[in-house]
Amino acid sequence: GQNIDQPTEMTATEGAIVQINCTYQTSGFNGLFWYQQHAGEAPTFLSYNVLDGLEEKGRFSSFLSRSKGYSYLLLKELQMKDSASYLCAVREGKAAGNKLTFGGGTRVLVKP
Amino acid sequence: DSGVTQTPKHLITATGQRVTLRCSPRSGDLSVYWYQQSLDQGLQFLIQYYNGEERAKGNILERFSAQQFPDLHSELNLSSLELGDSALYFCASSVGRGSGNTIYFGEGSWLTVV
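Protein chains in written order, with our numbering: chain A, 6 to 117; chain B, 14 to 127.
Calculated directly from the structure, the hints in this document are not laboratory data.
No false leads were mixed into what you were given.
Within a straight-line C-alpha distance of at most 35 Å, the following computed DSBU-like cross-link-like pairs (lysine-lysine) qualify:
no.	chain 1	residue 1	chain 2	residue 2
1	A	K62	B	K70
2	A	K99	B	K22
3	A	K99	B	K70
4	A	K81	A	K62
5	A	K86	B	K22
6	B	K70	A	K73
7	B	K22	A	K81
8	A	K73	A	K116
Just the calculated beta-carbon pair ranges, DEER-fashion:
no.	chain 1	residue 1	chain 2	residue 2	range
9	A	Q84	B	D14	16 to 26 Å
10	B	S78	A	G20	44 to 54 Å
11	B	I73	A	K99	14 to 24 Å
From the three backbone atoms N, C-alpha and C, an ideal C-beta is built for every residue, glycine too.
Go ahead and model the full structure; you've got the sequences and the hints to work with.
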């Protein structure tokens, strides 16, 4: 099974940087995803990591360390529209059907 | 627009009733996933289908069932509904079943049980 932990809530100022950490304990690992979800809306894909290291995509970057069971999502130059929940999700291995299991999400509030 | 279509968008029904939620995956996607999201809770994985066959099962209640049809659309059937079943039900799809296949979510079906 999977245990995925991320902070419940974070607050940051417009224009600043916020780092959302995610730790996981898994019986199988086949990639880690980050999604953004505004309240009442569908999660939207942000990033995917399967190898160790940093993946950069515009203002968003995601890092993975498989040996530590750790990932973070870095949001730079925060904008008000970035206020949302950020979901860390781990894909289990083939034996588990490659299903995607989500953490509880981190609610980020961007203040002016 | 993710390309995943879910109907109905909103549904209000009484306890004890049965409802069916429908999902059309993105064109070309073979895998369909169902998730439940209750108020202020995370996404709970229910079940996954790949090309018509069940691939993985999560915390899906026995009162719930799903299937994927030959045209790849999927239905989630919820029966003997209880108040606690009120939630946002998401369908998602991906091209395949292997690693790296991004999962795209539909807009969800809001179910309210009264």
